[in-house]
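The listed protein sequences correspond, in order, to chains A and B.
For the first sequence, my numbering begins at 1 and goes up steadily by one.
For the second sequence, my numbering begins at 1001 and goes up steadily by one.
Be careful, since some hints might not be right.
Unchecked claim - Lysine to aspartate or glutamate pairs mimicking EDC-like chemistry, simulated, CA-CA at most 16 angstroms apart:
| id | chain 1 | residue 1 | chain 2 | residue 2 |
| --- | --- | --- | --- | --- |
| 1 | B | 1167 | B | 1137 |
| 2 | A | 158 | A | 121 |
| 3 | B | 1167 | B | 1157 |
| 4 | B | 1160 | B | 1138 |
| 5 | B | 1167 | A | 9 |
| 6 | B | 1167 | A | 13 |
Unchecked claim - Quick list of simulated restraints, FRET-style, between CB atoms:
| id | chain 1 | residue 1 | chain 2 | residue 2 | range |
| --- | --- | --- | --- | --- | --- |
| 7 | A | 254 | B | 1149 | 55 to 65 angstroms |
| 8 | B | 1149 | A | 120 | 20 to 30 angstroms |
| 9 | B | 1118 | A | 9 | 23 to 33 angstroms |
| 10 | B | 1176 | A | 204 | 41 to 51 angstroms |
| 11 | A | 212 | B | 1136 | 42 to 52 angstroms |
| 12 | A | 8 | B | 1067 | 33 to 43 angstroms |
| 13 | A | 26 | B | 1122 | 39 to 49 angstroms |
| 14 | A | 121 | B | 1151 | 52 to 62 angstroms |
| 15 | B | 1129 | A | 131 | 53 to 63 angstroms |
| 16 | A | 24 | B | 1165 | 26 to 36 angstroms |
| 17 | A | 255 | B | 1068 | 51 to 61 angstroms |
Rather than coming from a laboratory, the hints here were simulated on the basis of the structure.
Ideal placement from N, C-alpha and C gives every residue a C-beta, glycine not left out.
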Amino acid sequence: MADPIRLGDADLERALRDLGRRYPYPPTPNLAATVRTRIVVRPIAPVRPFALWRDPRRLALVAAVLLVLAGAAALINPATRDAIAHFFHVRGVIVTRAPSPLPSLSPATPLDLGRLTTLEEAQRSVGFTIVVPPELGAPDAVYVASGPPGGEVALAYKPRPGIPVVRETGLGVLVTEFRGDLVPGFITKEVGPGTSLEETSVNGDPGWWIAGQPHIIVVRTSPGEGWPETLRLASNTLVWEHGGVTYRIESGLSKADAMRLAAGLP
Amino acid sequence: MEGRPLDDTALVERARNGDVNAYEALVQQYQELAFRVAYQVTGNAADAEDAAQEAFVNAYYALARFRAGAPFRPWLLRIVANEARNRRAAAGRRMALADRAKAAQTSGETALSPEAAAEADEFRATLVNSLRRLRDDDRLILAYRLFFDLSEAEMAEALKCPKGTVKSRLSRALGRLRAVLPADLRLPAAAGEGNG
């Protein structure tokens, strides 16, 4: 070559390799959780007998979620990309804001809270101390699920005066507790524009208040066992983390009332 | 990569049968590479994230057509690069320009004297800017080989070209890079070590 560059091919290659090691890339986003949510709601192929497909109401929910995701996908272009926020504020829970409305679904999806048990037995099978909201007292039903490491407990309360029934669960209040520090993406919540998402503080710990239109909740089950995720609609939810345990209160209560219940928890 | 519990082939096989956990493990393993390859094409982080995410989702549903036992990485990268190209075409060049300015700053290099560091930084910034002036295909082939260390077979698969043409393509891309480098560019003192 006639140009006066003194850089040989080998020099140039070495310089490029060196550049490759220090290239000013932006930080890699965590794609795994988002990709997972997107593929969970649409299985790869007609998979084996699957709880989801046996229940027509679930099928309707999945179809509705698919519509939402299709709508969201259509809207997701670089310009509206910023409208979708991912929050890793409370460990164990990922909240995704979808730019398109979520569907209104008629019947409630069956809850899949795990195995019905007693409080004492539940305490023996989870790896953290179960706390019962003092204001609510003994739960009407207790469930344990072995999905996340450390287990998960669900305390169910029937509606009663002052505690309205929640259409999505058929319950008054549902409290769940699990080790959020061990499973970063155990629960994914897809929140539409009709749902408000508010950063809040619960007993001094960071949390979220999710209210308004029901949001979609995808709960991961045991990693490695290949169970399908649970998909359902969730109502007003207060979620926060304290000492490695993630607490969730789902109800039809106002924020003030939910905060009052939470005040009795850590 | 250390400590891989399962190799790609086993994970791909499980993912093909609908095992979301297996696919998530693949995403974890390749999200950085996918994002960086996309970034090489788009020149901005938002489009690169979008392209990489879309590529992983599309690849999942394309697994049914994936040849069992074939290498996953180059196949994935081909999908990533296509998604990134689509976005780049749509986004235009404005964002890339803004990015060029940013590319001039590189991370600290404490072992060098301030003068030598500045010189090395400037040299690398010049390389980054020159690379960005290349066609996507040229920049990609250089990045695959020299940044991401793909083998020739992987490059052929990722670029969908005959294996025998990889070397000549690489050398032509290097030639075109040379052509856009400033005529007075010299190796900085520190990078020139071992330059007999």
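Here's how the hints hold up against the structure:
In summary, the hint linking residue 1167(B) to residue 1137(B) is supported, as the alpha carbons are separated by about 14 angstroms, within the 16 angstroms threshold. For the hint linking residue 158(A) to residue 121(A), the alpha-carbon distance of about 21 angstroms lies beyond 16 angstroms, and the restraint is violated. For a cut-off of 16 angstroms, the pair hint linking residue 1167(B) to residue 1157(B) stands: about 14 angstroms separates their Cα positions. For the hint linking residue 1160(B) to residue 1138(B), the alpha-carbon distance of about 14 angstroms falls within 16 angstroms, and the restraint holds.
Annotation: proposed proximity of residue 1167(B) to residue 9(A) holds, straight-line Cα distance about 13 angstroms (limit 16 angstroms). Taking the CA atoms of residue 1167(B) and residue 13(A), the gap is near 13 angstroms; set against the 16 angstroms cutoff, the hint holds. For the hinted restraint 55 to 65 angstroms between residue 254(A) and residue 1149(B), the CB-CB distance of approximately 57 angstroms keeps it satisfied. Distance hint check: the CB atoms of residue 1149(B) and residue 120(A) are about 57 angstroms apart, inconsistent with the given range 20 to 30 angstroms.
Range check, residue 1118(B) to residue 9(A): about 26 angstroms between beta-carbon atoms, so the 23 to 33 angstroms window is met. Between residue 1176(B) and residue 204(A) the Cβ separation comes to about 59 angstroms, which falls outside the hinted range of 41 to 51 angstroms. Judged by the Cβ atoms, the range 42 to 52 angstroms given for residue 212(A) and residue 1136(B) holds: they are separated by roughly 44 angstroms. Taken as a hint, the range 33 to 43 angstroms holds for the pair residue 8(A) and residue 1067(B), whose Cβ atoms sit roughly 40 angstroms apart.
Roughly 21 angstroms separates the CB atoms of residue 26(A) and residue 1122(B), a value that falls outside the hinted 39 to 49 angstroms. Against the hinted window of 52 to 62 angstroms, the Cβ-Cβ separation of residue 121(A) and residue 1151(B) comes to about 55 angstroms, which satisfies the hint. Judged by the Cβ atoms, the range 53 to 63 angstroms given for residue 1129(B) and residue 131(A) holds: they are separated by roughly 58 angstroms. Separated by about 31 angstroms at the C-beta atoms, residue 24(A) and residue 1165(B) satisfy the suggested range of 26 to 36 angstroms.
The supplied range of 51 to 61 angstroms is met by residue 255(A) and residue 1068(B), whose beta-carbon atoms lie about 53 angstroms from each other.
Hint violations for this structure: numbers 2, 8, 10, 13, all remaining hints satisfied.
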